[in-house]
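There are 4 protein chains.
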Amino acid sequence: MTRRSHTPRDPDFARRCQESCASQPAMSRLFGGKMVSIEPGYCEIHIATQPDFLQQLGNFHGGIVGALADSAAGYAALSLLEPGLEVVTVEYKISFLAPAFGEYLVGRGEVLRSGRTLHFCSADIFAVQNGVEKPVAQMTTTMMAVPDHKK
Amino acid sequence: MTRRSHTPRDPDFARRCQESCASQPAMSRLFGGKMVSIEPGYCEIHIATQPDFLQQLGNFHGGIVGALADSAAGYAALSLLEPGLEVVTVEYKISFLAPAFGEYLVGRGEVLRSGRTLHFCSADIFAVQNGVEKPVAQMTTTMMAVPDHKK
Amino acid sequence: MTRRSHTPRDPDFARRCQESCASQPAMSRLFGGKMVSIEPGYCEIHIATQPDFLQQLGNFHGGIVGALADSAAGYAALSLLEPGLEVVTVEYKISFLAPAFGEYLVGRGEVLRSGRTLHFCSADIFAVQNGVEKPVAQMTTTMMAVPDHKK
Amino acid sequence: MTRRSHTPRDPDFARRCQESCASQPAMSRLFGGKMVSIEPGYCEIHIATQPDFLQQLGNFHGGIVGALADSAAGYAALSLLEPGLEVVTVEYKISFLAPAFGEYLVGRGEVLRSGRTLHFCSADIFAVQNGVEKPVAQMTTTMMAVPDHKK
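Chains as they are written, first to last, in this note's numbering: chain A, 347 to 497; chain B, 347 to 497; chain C, 347 to 497; chain D, 347 to 497.
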């Protein structure tokens, strides 16, 4: 995928996204997600395998794959917003290309188009097994910028 | 929603769905999901609030809402299959109608159309707060019947 | 489907929706769509079969089924808006439950949730053959209210 | 988007796809679509502007954008199938990134993953105005291979 070039409206976007991700109980504690890269309009998050994340055959539960894709896309969108704004997911669609077996999941989110209110994003999910990365899911999503009421 | 009437191909479908759900580490242990109703082409699963399921504002993380909807729709499809078949999620789309606050989530999955290979399902998710049920998400999904390799 | 009850913000909503539909070249002229019912949060449009609407096997082309569902959902949303606002489609997902054979198509759009900016809608499409109505497609969509620049 | 490399199972795939597209009344006659490129797992179709394809503001109706994306993705999938098989659309989701103004539409469909029965595809739609190509819509879709009953 050709990465689109985006200009961030907040020079401190990286720290803001990292802190938001780390303070999310579900993504950081329940799923153990680590944000390994954040650029304007792009975000990469990894989730390491834990037994409770798996289905009976040993592949990742779709709910965790979906949560990872949603988060990677959401932080890609957040990276482009001004301070004081937050991102909410309006909707997403995810296609499960292949079962996700391996040591960890890689989620790469990207902003396809950034509007005033709505942000169209995509996310690609890969499973890494014995060092080999394989595509397992593909998401497209609509994100909306809203005032950040936590502050 | 008018419930469609379906005929199960396996008289033992309820036990089979209950056992499958209880043996899923992600749904039963990680999310604590309980299957409270299973009928031909219909399934209801509840997930009680835990601190790690929440976002910073106290509402459920979308990943858990999505996992619940996916499971409710998947078991609705499984309830109509012959023994020896399993269900995999091909894709789903979920719309987040409102933030999900409350004591627990209710997921109701339903089969819209049951084909030979593919099953079109929907799921409605509600959050229950102080005993009041409020719609928070809506999913449509394509499920595929595959041989059950766990047996 | 249980119809939700909605209150229109424009008492003249029915005329406004009818006029908008009749003035759309694509829906009214190309596809010959007729709005047969418009209520607050609900719209029904019919499209009669023409040879150019069909695939090689004689069933409706998916593009026409999709256009009908999009229009029925869009006018359901427009019926709830104040004068001076227009509706644009943010995204939709459509599932093709069965091939659409028959004399005409029926599209029934409904608003699931009406927010300030975004409107979540669904649409069900039926094909009528020898007087028998059969479900052929199901859509969910996000609509956005924007200022009507045509006026 | 990095184009995936695919191997066709039918050496005559290009002629088969061209003929199928030309014989579709809706795509070839109603919308005037021209297949300008067909490669293994890839298809490009153009639709020239006609007054009846437009909305009141002069942009393409979403139904035509959707039909183009569906066809481009479908022929990308068909290009990989053995003779005697046909493609049906299971479902698609389309996001409307921007209104589509211009002289013609370009639809580029691609196969993301080709399975035995199901084919995951995407399509990007561009509007060309004064020679400048602008992205206007993005689709992901599930296609299914079925026996071709027309032969």
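Note that these hints are calculated values from the structure, not bench results. Just so it is clear, CB atoms sit at the ideal spot from N, CA and C, and this is done for glycine as well. Any given hint could turn out to be false.
Unchecked claim - From the structure, some residues in chain C lie toward chain D, with a derived Cβ separation under 7 angstroms:
no., residue
1, Gly404
2, His407
3, Glu437
4, Arg462
Each hint tested on the structure:
1. Gly404: Hint violated; C/Gly404 Cβ to chain D Cβ min 10 angstroms, cut 7 angstroms.
2. His407: holds (3 angstroms)
3. Glu437: holds (4 angstroms)
4. Arg462: violated (20 angstroms)
Consistency note: the structure conflicts with the earlier hints numbered 1, 4.
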